[in-house]
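Student: Next come the chains, spelled out residue by residue.
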Amino acid sequence: MLVGHQPKEFLLAVEALTVSFDGFKAVNDLSFYVDENEIRVIIGPNGAGKTTVLDLICGKTKATSGSIQFRGKELTRMKENEIVKTGVGRKFQNPSIYDDLTVFENLEISYPRGRSVFGALTFTRDAAVRDRVHEVAEMIFLKDRLHMNADLLSHGQKQWLEIGMLLIQDPDLLMLDEPVAGMSVSERAKTAELLNRIIKNRSVLVIEHDMKFVEDIAHKVTVLHQGQILSEGTMEKVKNDPKVVEVYLGH
Amino acid sequence: MTDNRFFNRSELIGILVLAVFLVVVLPLTLDVFRLNLVAKYLTYAFVALGLVICWGYGGILSLGQGVFFGLGGYCMAMFLKLEASSVENTKIQSTPGIPDFMDWNQITALPFFWKPFNSLTFTIAAIILVPGIFAWIIGTAMFKRRVGGTYFAIITQAVAAIMTILIVGQQGYTGGINGMTDLRTLKGWDIRPDHAKIVLYFFEVGCLFVCIMIAQFVRHSKLGRILVAMREKEDRVRFSGYSVANFKIFAFCIAAMFAAIGGAMFALNVGFMSPSFVGIVPSIEMVIYTAVGGRLSILGAIYGTLLVSFAKTSLSETFPELWLFGLGGLFIAVVLAFPNGLAGIWGDYVQPRIDRLIASRKSKPDGWTDSSVADGAPAE
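Protein chains in written order, with my numbering: chain V, 1 to 251; chain L, 1001 to 1380.
It should be emphasised that the hints constitute simulated quantities derived from the structure, not laboratory data.
Computed far set for chain V versus chain L, every beta-carbon distance over 10 Å:
(1) E15
(2) D22
(3) F24
(4) S31
(5) T51
(6) A128
(7) F141
(8) E178
(9) M183
(10) E193
(11) N196
(12) I198
(13) I199
(14) Q228
(15) I229
(16) K237
What follows is a set of in silico ranges between Cβ atoms, one per label pair, in the way DEER data are often shown:
(17) V:M148 <-> L:I1013: 23 to 33 Å
(18) L:P1352 <-> V:T124: 30 to 40 Å
(19) V:M148 <-> L:D1235: 21 to 31 Å
Positions of the beta carbon are idealized from the N, C-alpha and C atoms, including for glycine.
Modelling step: build the complete structure from the supplied sequences, incorporating the hints.
Tutor: Have a look at this one:
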């Protein structure tokens, strides 16, 4: 797979990554590389370790062994908030937003300024912040709901809001965990449109089950099975891989 | 935006109403004894105010605020005690010039950590910094290791218990179970007569409003919103690039410093300090004040403190055995029926009626002009 490996800089290099929960290896000796501006989709059956891989990259779970290099920086030794500052953004599977705050405040908190205690105390809602929040709100179809409490949004709108919260961070690597799960058909179409717009100029790592959606956006697909890579390559190649058909696509 | 960094219009009205109540109404209607009692209640309002930030906004329940109240109170009391223990005042002791309880415990020289408390400047700094640093140490040890919720509450309770045992056990240094009594003057000014009590009451109210302003500032800053966000989705805040532990430490330290100011005010207004204000029971009482007033309301916490303290004084005189059960029952009732306390009842039931009343009054005289259509809410 890596025969043609040239000494070029990857955005993200995951090497020999292993995590073991009481002896169960959720991710086992996993290696993969993501290029600048690449859209990579991770697919695989339930329990394959897809979400765990994202957890490891963003620091939510600590690796047992192996390395994750992002722009040459070792992420496995960094704290979650430091990983965010190097440019990694993560969207969770269930919409993770602040119900008691308004849409505006949700986006404002994610604006990458004043992240220290003192910075947050002295943070002012200036024109730059307001413009950026309005800009992002328009992108995520929530422009006219800015001053609504977030708990009043629909499930799909909550998903968009969380995507917007990531967008305002402007990460170099965006990790999305099932961004269209639980959405209606029309919401799904709008989300695909939204994702296609925001994946420009950044690398994206997506976990998704919706094969049509995967085909639409993926540059490259990684198939995980029992914590290991089963197959990797273009959608076309993966789809025709007999191993993949057997464990995942076949049924 | 017309809102400033401290309050919006309705909050300003609330603060002014409280100011009139504390500065004009109470001093005019109460005698000095009762006013001094209010001063004592208000010392707990500082603690309740801190708990609004720490528990209400940050979701960090501390059952050990008495520790910080005590640290602040003891710092103040140590200064006052030293002043009361001048050589002339204590010449009948075997070692004149040291506090009486040290003499009773066969201590012959002032311990080293007492010496700086001869200075009022040092004392004032210590009142804020000692509890602040102590809270920072506890906060760092707990929050950096992601200890939170119930576990944190239990640990703070243990700290309160340890603190009480320490103070009671080290009788020669702390005055033991009796505490520090017979505090007399502050820089030569007698704090015991009635006119001094009145001055101290107003001084305390002034300090309370400074703390209210600080709390309002924190609440309206982005930090205030981050605390709310953290209470709900800690991970999301963490993965938005914030160090959650640092924000929790900040909230806990602010609450500790407010509590300490309250403790210092207690020593001044009540004239003594003892371990009975440090332990588990007073710490939990302070949480109940906040819960009754409304843990999300800065002003509600103050009214809650006054109300529960007043009830405590009147009921515990009549039914001493029943009071603790009553307090516990009150806490359970408030949490189950009115999770946002008095402030919640006010916001849900009273405020809408007042708004409607004002709106209907307003719409009558300017009923024919266009301006009322422009700024009035559409009628239902």
